[in-house]
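Enquirer: Protein chains in written order, with this note's numbering: chain A, 21 to 684; chain B, 4 to 75.
Since the hints were made in silico from the structure, they are not lab data. Predicted model, so just to flag it, every value in this text is computed and none were measured. For each residue, glycine too, the CB sits at the ideal point set by N, CA and C. Check each hint, because a few of them may be wrong.
[As the list claims (entries may be wrong)] One-sided and incomplete, this derived list gives chain A residues near chain B with beta-carbon spacing under 7 Å: (1) Arg114; (2) Thr118; (3) Ser302.
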Amino acid sequence: MHEMKHEEMKEEQESHSINGHHHDAPVEDEEIKDWWKKLVGSWLFAIPVAFLMLSSRIFGLELFSARLTTIIILVIGFPVMFYFGWSTIRGGIRGLFTFYFNMDSLIALGTLVAYITGIASLFSSTLDYSGVAAMIMAFYVTGKYVEAKARGRASQEIKKLLELGAKKARVLQGKQEIEMDVSQIKIGDIMVIRPGEKVPTDGLVVKGESSVDESMVTGESLPVEKKKGSNLIGATINQDGILYVKATKIGKDTFLAHIIKLVEEAQSEKIPIQVLADKITSIFVPSVLVLSILTFGGWFWLSSSLNRAIAASVSVLVIACPCALGLATPTALMVGSGMGAKLGILIRKGEAMQTIKKVRFIVFDKTGTITKGKPEVTNISAGVKENYLLEIAASLEHLSEHPIAKAIVEKAKLKKYREVKGFKVLRGRGVEGIIGKSNVVIGNRFLMNEKKILFKDFDGEIERFESQGKTVMIIAEKGKAVGIIAVADALKEDSVMAITTLNKQEYETIMITGDNEKTAKAIAKEAGISEVIANVLPEDKAKKVEELQKKGFVAFVGDGINDAPALKQSNVGIAMGTGTDIAIESGDIVLARGSLLGVTQAINLSKATFKKIKQNLFWAFAYNVVAIPLAVAGLLHPVVAEIAMALSSITVVTNANLLRRKKI
Amino acid sequence: MKKAKIEIIGMHCASCASNIERSLKKTPGVKSASVSLLLKKGTAECEDKVTWEDIEKAVKRIGYNVKHIEFE
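Use the sequences and the hints to build the structure in full.
Expert: Dropping the structure here:
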């Protein structure tokens, strides 16, 4: 036990000691720089080698005797192989001895064999391939450099996310503003954020009003209004007012940190289509080694020419490349999820990109997904002055916590409330109280019947509003109905547009809700959804999804608040963000922005990404299937084989980067 | 059970990633491993007895380096 603790402490220390460099990405840049140095260096020597090879073999120029030419090539080629290519040769040989073969093993073996023919040619009649060795190495290094650069581009969106966070913050201490590092902020600190400044970390506005640009985090293009009580997301940009903000989340717990973690985790995850390619990759190099030996043997036996046997087997070694196969899926996935992150679409499970193609039903939760999840006053009908009606209604309702009460208060926007005496909440029915000298009752028809208040004048309108899916409150003063207020949970602005698009794409859209049939149908109709599953208790939503799954793949769109089991049950769970909380745990795809347009975008993005993956895998397979037999047949010069190899992985990575051209 | 997150230096081809996966999986106590060439990161599900030294050894013995290990 004691040892264990010690170990853990060491872990802690180890973890912390390197943590400073944790999220910056210099490794990649260093890798590119390293390949670049090798590239320049190796070509410096490889070009003279190429010149010597070409001058004698193609142009028939005999600058030096054949023997001297070979010696010169061996000397000039030496640094290309054993200095600039040293890490490859060393890694490759180590691989051969430990049975952990990789690309290096193939290149090392291929170039070493070729180089040795040069030495051998000095003492025997074998052809000299030493120049080829230097050329292969130079092309290999070049290919690696280009590939590393392209790979770096594939992750550019993620890098931008990593760099998005603010560096400095101004924090109030007493009456003084102290500038400090973002890492020094503590929960509860009051930050001062001026126009144009980045929000240092997630927080709650305690003073001030402004609009904030959240596009970089949520993809929401319009600035969002913020006032006292609003939540702010770190790394967003304050536009026009000074905000005083209490820090609520710091470090690993912030919205941005969650997004980054989500995206990174999804990218390191493997998706089903990749399985075959990965299996091939894992046995690829040993298989090629065996194939190369067989090629050598076959050629030697058939043609009894050592030279042809060497050329063909070296070609096989250097043309075979597992990289195209290994990079096909992850690069496309990385570009796709990076593009998504930029739009506020977070792909949590890469697998969803593959599954979404098969989806037939899209089930939407109503409250908070199709609708705003916040009731609003939609109609007022008054037998007295409308202002007066709102004034007495709001004065009474501001004492209640009910969402409908809040909607009425919000609508009235009173600066001063009338004094209320004897306020009472009549659970499930309404409220009552005395304003001035008159008794005021607000509630549904049951309450009015109970109080023997007649509301015949409003009957027609009540009927009409209710058929539109609205909830109607009747206001009575001194025992007489004086007006009605209809409240509805309005559709989000772009719900209709998103659902229309999905209907056009031949998805079957379905709305699921706990509301009664009448209300539900009215809202579904407004949203453009024909099928409704009404009267569903939250805990039964998953069951309904399961029933649908008997008929086809189901995507469930919800806010994760009471529908997490349904999100999990569905084939693709799409969780809608609600303000600063993202339902991280429950969705396969998480939309940082609460708009349904994100659903169509997520579907488009997934389809485009998956198409790229398939293209890439096709090219990678096709390349190896065509190129390896050509090399075995001795139809490819080793240098040409090496160029083809380098191009194959570059093609795949570049093709993945081309995904960005797709309009999502 | 815990999860080791490993940042790896020196991978440059698809076989490298699958080699490291293989080497990690051979380490006693490691249940599963997944390495991403693109992210230069790997994760390993392992029993509690597995130390960061075990992980580091598995990566280093086949010629790669470890930049950072974190257990979760």
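Enquirer: Using the nearest Cβ pair, does threonine 118(A) come within less than 7 Å of chain B?
Expert: With a minimum Cβ separation of about 6 Å from chain B (threshold 7 Å), the hint on threonine 118(A) holds.
Enquirer: Verify the interface restraint on serine 302(A): the C-beta must sit less than 7 Å from at least one C-beta of chain B.
Expert: 4 Å, holds
Enquirer: Can we keep the arginine 114(A) interface hint, with Cβ of chain B closer than 7 Å?
Expert: 5 Å, holds
Checked against the numbered hints given earlier, the structure satisfies every one of them.
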